[in-house]
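Participant: Given the coordinates of chain A, assemble chain B onto it according to the supplied hints.
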Amino acid sequence: MSQNRLARSTTPGVSALQKTISKKFLLPTYIIISFLFLLSEKSDFKAIRFLKALINDGITYSIYVVNTPIKFVSNLGSSARQYFNFNIILENKKLKDEVEQLNAEKRELQFFKNENDNLKRVLGIKNRDDYVSVYAKIIHEDTNEFAKNLILTIGSNEGVQLGQAIVRNNVYLGKISEVNLFSSKAMVITDLNSRVPVVIPSRGVNAILKGNGLGGAQLLFLPQNAVFENNDQIYTSGSDGIIKEGLYVGKIVTDNKKDIKKRKYSVDLGFKEHQLNYVSVLKVKK
Amino acid sequence: MNSYIEKIKFYSAHIIFTLICINDSIFINTWIAPGPIINIKYILVFYFSFFDKGRFSITFLFFIGLIFDSLQGMPFGMTPICFILLSKLASYLKQRRTQTNFQNEFIAFAISLLVTQIISVIIVSYFSQAPFEYLLLAINIIVSLIFYPVIRTFLKVFYYY
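In order, the protein sequence lines correspond to chains A and B. Numbering-wise, numbering that gives the first Met the number 0 puts 130 at position 131 of the first sequence, and it's gapless, one number per residue. Numbering-wise, numbering that gives the first Met the number 0 puts 16 at position 17 of the second sequence, and it's gapless, one number per residue.
Extracted from the complex, chain B is given alone in its bound form:
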């Protein structure tokens, strides 16, 4: 019984992540803020790669990324690269730090998010003709950074690590 509950708890992260990815606009933009303001999916990938390396496998991130690209009309293959990169960066930065406190964790998140967003901008500008607003992207990064401690606290309470 206990192991069954543990299993549900383990896969609940996958389910939540998948639902957030396919319902990005419904969950986030309607309820919290108008427009593409916050990047919860990147926060989740970072959090679970930083604290629980094996939870989101590369295969899982790859396929969810493809689904996301298909739904959002992004260049096919962009989000899998971003997810995998973010996950690898998070686990690499975690390995490098001997002492994990919130400050180190936040800096690691900021670095990972920035690098991932820069890569996504490069991919979008090279593989798609659609222009985009740098200001919106900056807002997205800043608000994601502000919301990170809040979402992280919720996740920590639920998954306690």
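Here chain A stands alone, though its shape is the one from the complex:
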């Protein structure tokens, strides 16, 4: 046995041949495995879906571990800036003023909410579904020429389902596009395949917001005579029955041409890409 092993290792011709054979087999093997994986995309077997979810979870969490030191290094600059921020007292005072102002606005909103509820009761209008939010950490953000994804730390273990909205401070970011066991993928609003029914309440106009794949979005199916001004706010309309209505999406930016018919509109989204750490997934309360 040991003689055989010695013979194998000391004969260069034989070992080279063995290597060539194994290399020759490697290429078709990997191609076949890749095609099998691709074919499994079309199948709907529960076992295959479970296996894929497991692989996805494994890869996602190992990437999170690999990326932690890189993120730490890339965040060092901003941490240092914060540490050496000498205007912190001034900033604190400014923030306190802002909090006071926001509290006043909150009280006013509460008054309007109560009034709205009373009016709904009088008119006999039923409230739509209630939603609960589940907190999730973004462990990875990916963009390529085909898709734009966020990978979240919660999956079917927390009751996450396809199509559920993800928000940050009541700003709509996207929806769940893939659910694994302990992780899930969300399609960002700027993804090419993203379509969201929206409403511009100040003009009473409904539209569809489509991602352009380059960090922005555009409004589709606008009425012909629709006219907007700068800073007209856009909210989700909830007409698809899945996404909660009234989530802030962004505001309209126009080129301010005097001829209204020639005006072009773009959308300034309510969040900045690559600056998200935590989000909430909205689930219908049962």
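Hints were generated in silico from the structure; no laboratory data involved. Don't take each hint at face value.
Claimed, not checked - Residues from chain B that face chain A, not an exhaustive set, calculated with beta carbons under 7 Å:
#1 Phe61
#2 Ile66
#3 Leu70
#4 Gln71
#5 Pro74
#6 Phe75
#7 Tyr133
#8 Leu134
Glycine residues also receive a C-beta, built at the ideal position from the N, C-alpha and C atoms.
Facilitator: This is chain B only, laid out in the frame that chain A set:
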């Protein structure tokens, strides 16, 4: 000591390639251009297959491709096929040319990139229902071609061949 440094240098290409693949958006889209503009991973695969055939093994490309697909939500198995195809095309085109100058190398890169992207489009359109923008893909190919000489020069300086 010298061999240790050589080893680090040899595997640094693997580490850089892996990090770029798993942090595609962080490295490229945030720092250089908004959106999926440039395909550094394809440039790296081509460069190391063209100049140093044995550096990126098929097994390595296969597993990195699978990780990339899992992270990006692509049809599972698409990127391994693209990486292996690109690598094989690069080494084949290198073998065919008796004289290697920049012009030949650039043409080989353009052909390999185009073929790989066509294959990826076919796979995406057949195995995934998600539509995609051809214009973005065209921009991706053109910008990758423009950036190729720059990235190639950096790599040549670092790995000197």
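Participant: Against each hint, give a clear statement of whether it holds in the structure.
Facilitator: Now for the hints, and whether the structure bears them out:
For B:Phe61, the shortest C-beta to C-beta distance to chain A is roughly 5 Å, which falls under 7 Å, so the interface hint holds. Hint status for B:Ile66 relative to chain A: holds, with the closest Cβ pair at about 5 Å, below 7 Å. This hint holds: B:Leu70 has a C-beta 5 Å from the nearest C-beta of chain A, less than the 7 Å allowed. Interface hint status for B:Gln71: upheld, as the beta-carbon distance to the closest one in chain A is roughly 5 Å, under 7 Å.
With a least beta-carbon distance of about 5 Å to chain A, the hint placing B:Pro74 at the interface is held under the 7 Å criterion. Among the interface hints, the one on B:Phe75 holds; its C-beta lies about 4 Å from the nearest C-beta in chain A, closer than the 7 Å criterion. About 10 Å separates the beta-carbon of B:Tyr133 from the nearest beta-carbon of chain A, more than 7 Å, and the hint is not met. A cut of 7 Å between beta carbons decides the hint on B:Leu134: the least distance to chain A is about 9 Å, and the hint is violated.
The structure shown violates the earlier hints numbered 7, 8.
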